[in-house]
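In the order they appear, the protein sequences are chains E and V. Numbers given in this note's numbering equal positions in the first sequence, counted from 1, plus 1482. Numbers given in this note's numbering equal positions in the second sequence, counted from 1, plus 1482.
Don't read these hints as lab results, they were simulated from the structure. Worth double-checking, as some hints may not be accurate.
Repeated chains share a single entry, so a pair holds when one copy, or any two copies, can fit it.
[Said to hold, decoys possible] Lysine-lysine pairs mimicking DSSO-like chemistry, simulated, CA-CA at most 30 Å apart:
| # | residue 1 | residue 2 |
| --- | --- | --- |
| 1 | K1639 | K1788 |
| 2 | K1697 | K1788 |
| 3 | K1571 | K1639 |
| 4 | K1705 | K1788 |
| 5 | K1639 | K1516 |
| 6 | K1697 | K1739 |
| 7 | K1798 | K1599 |
| 8 | K1798 | K1697 |
| 9 | K1739 | K1516 |
| 10 | K1545 | K1588 |
| 11 | K1520 | K1610 |
Protein chains: 2
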Amino acid sequence: MNDTFLKACRGEAVPFTPIWIMRQAGRYLPDYQKVRGKVDFLTLCKTPELAAEVTIQPIDILKVDAAILFSDILIPVEAMGMNLEFHEKRGPVMTPAIRDENTVKKLLVPDPEEKMKFVMDTIRILRKELANKVPLIGFSGAPFTTATYMIEGGTSKNFLNTKRMIFQAPELFRALMDKITATVTEYLKAQIKAGTQAVQLFDTWGGIFSPQDFKAHALSYVKKIIHDLKKWLKAENISVPIIYFVGETAGLLEEIKEAGADVYGVDWRINLDDAIRRLGSSAVVQGNLDPLALFLPQNEIEQRVKDILSRAALAKGHIFNLGHGVVPETSPENVIALVDMVHRHSQRK
Amino acid sequence: MNDTFLKACRGEAVPFTPIWIMRQAGRYLPDYQKVRGKVDFLTLCKTPELAAEVTIQPIDILKVDAAILFSDILIPVEAMGMNLEFHEKRGPVMTPAIRDENTVKKLLVPDPEEKMKFVMDTIRILRKELANKVPLIGFSGAPFTTATYMIEGGTSKNFLNTKRMIFQAPELFRALMDKITATVTEYLKAQIKAGTQAVQLFDTWGGIFSPQDFKAHALSYVKKIIHDLKKWLKAENISVPIIYFVGETAGLLEEIKEAGADVYGVDWRINLDDAIRRLGSSAVVQGNLDPLALFLPQNEIEQRVKDILSRAALAKGHIFNLGHGVVPETSPENVIALVDMVHRHSQRK
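Sequences are here, hints too, so could you generate the full structure?
Here is the structure:
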């Protein structure tokens, strides 16, 4: 098995820097479009054979060092009892928006093998089909990011309803977060039991906070999840690295490093060496190329790859990635070239 | 005159910390709504008597220490030759989007007293009506932020078209930026000649960049404007502080401090003392309360005011402000209370 990714997660010596790409299974790939042409997005997430098929596509096409489960961070939201739809233009729409005690009370902490069995089935298929070629990453939205979708009923510009609840009805927010935290913990345990070899918590919207609010209203719940998972992993005698990704990390790194994760995602809005200095040199980092830098000519992409690799030398470990998901308009050729460049320029003699 | 704001901008000793609030003349104020009920937004910007009226409202209501010209950062875009409309839901829409050589060529570098005379007229009225009660701040969008609106044709989620032009047609982008830079320079000179006593450059979207790209594609043009303005101010023997505000500054402070501005805006995503350490303690800073923290109960707003004031002690000067514009849903009572708290808790004996 190419276990370079898992070794890097653990801060062990690796023959080259591993790379995977957020949303590597996605709309920029014609092969993905072919599958997606037959079914809508949510059906694709819920059909294990198809979800497994698109998960594997980038392994063969890009030669990345890890597969990531094809799914969506809003799957647990539906399992908790909200109605979920994906609109082509508006994006995800969840109803009814969670804004009062009554709607919070109605939410379930679902049994993942019952309400999200299709995810675990996808993982089981994938472990067979990947045949240990590369490790499989599972994931979940972190509680705060998940909560924003539930409170806003979709995406948001300034997260007014979310912050209003936090600032004006903190007990209600805590009740909601406790339910999401329990759901995410059980969901990740189920993914690990089904076979994922690493997990990533996506806190895409964590960066909308001041450090003080991030700590109180996002990080504290992530710490609980990671603490509980680590305890459980130890009892089960399983080794599964946990990655914590926050969007717009630059002002929050001193707080983020308290999460207890094995790997920290770093977006492109900060120089990687600066981020490592603030996380501490014992940190393992993942990142940090601007997804839109993939629109540069390949020789300039190559300069940026070399620059990031040299800045990463400060850290205990580095997994190359974009700072956010690859966008649909990206040329697959440039992504293929990126993976090759990272492998080539990071070879240890 | 209450010149506390101007003194703080220059890093001079002040009897208390001055405060003004981004978008202090705006939709959260019933008095503003009354005026706005009679005319659409663009007409309000273009009618000097009305623009002056809403500019003055928050001085009386909030007791802030500076007035800021009521206008919009897209006014120069229209003057450069684009068609500009404000839609209630979609926000500003500019046509045709600037994406090729032909559209860039057609853009003017307008004479401000000809194409934006209503702005200078507003300033002249304001200087009379303010009667030196508080200083008047003028402003412009910084070139990069202005360019995003022109290239995208409006607001954007990931600035795909803008970054695509930067990465794939850098000469075209430079030609566009040169025209905007010349426009902004002349526009600010005209505002100063008409009577503004400080100016702020808004680089609201500067934070979408990696440090390397920010430096090359946003900061370099701001440096040129500030350099040219300072030279001109010296020749004219006028003292007008220049404030540079970037949204999402946290990863870019080491770059931002090269701008040559007198004051640097800091948003709420970073602790103010951390920002000051990175800008250098000879910096004068402006910020950095989360606009949505105004939804907190007043005793908690007060804690945050004290916290920011104590973190600000490290800097050479501090002007209290929000990290971004006040949102329309904000209670005016809390804004009035905020101004009072800042004044009260910052009294020097």
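Status of each hint after checking the structure:
no.	hint	result
1	K1639 <-> K1788	between (35 Å within a copy, 28 Å between copies)
2	K1697 <-> K1788	between (34 Å within a copy, 19 Å between copies)
3	K1571 <-> K1639	both (15 Å within a copy, 12 Å between copies)
4	K1705 <-> K1788	between (33 Å within a copy, 28 Å between copies)
5	K1639 <-> K1516	between (32 Å within a copy, 26 Å between copies)
6	K1697 <-> K1739	both (11 Å within a copy, 28 Å between copies)
7	K1798 <-> K1599	neither (37 Å within a copy, 59 Å between copies)
8	K1798 <-> K1697	both (25 Å within a copy, 29 Å between copies)
9	K1739 <-> K1516	neither (41 Å within a copy, 49 Å between copies)
10	K1545 <-> K1588	neither (44 Å within a copy, 46 Å between copies)
11	K1520 <-> K1610	within (24 Å within a copy, 68 Å between copies)
Checked against the numbered hints listed earlier, the structure breaks hints 7, 9, 10; every other hint is satisfied.
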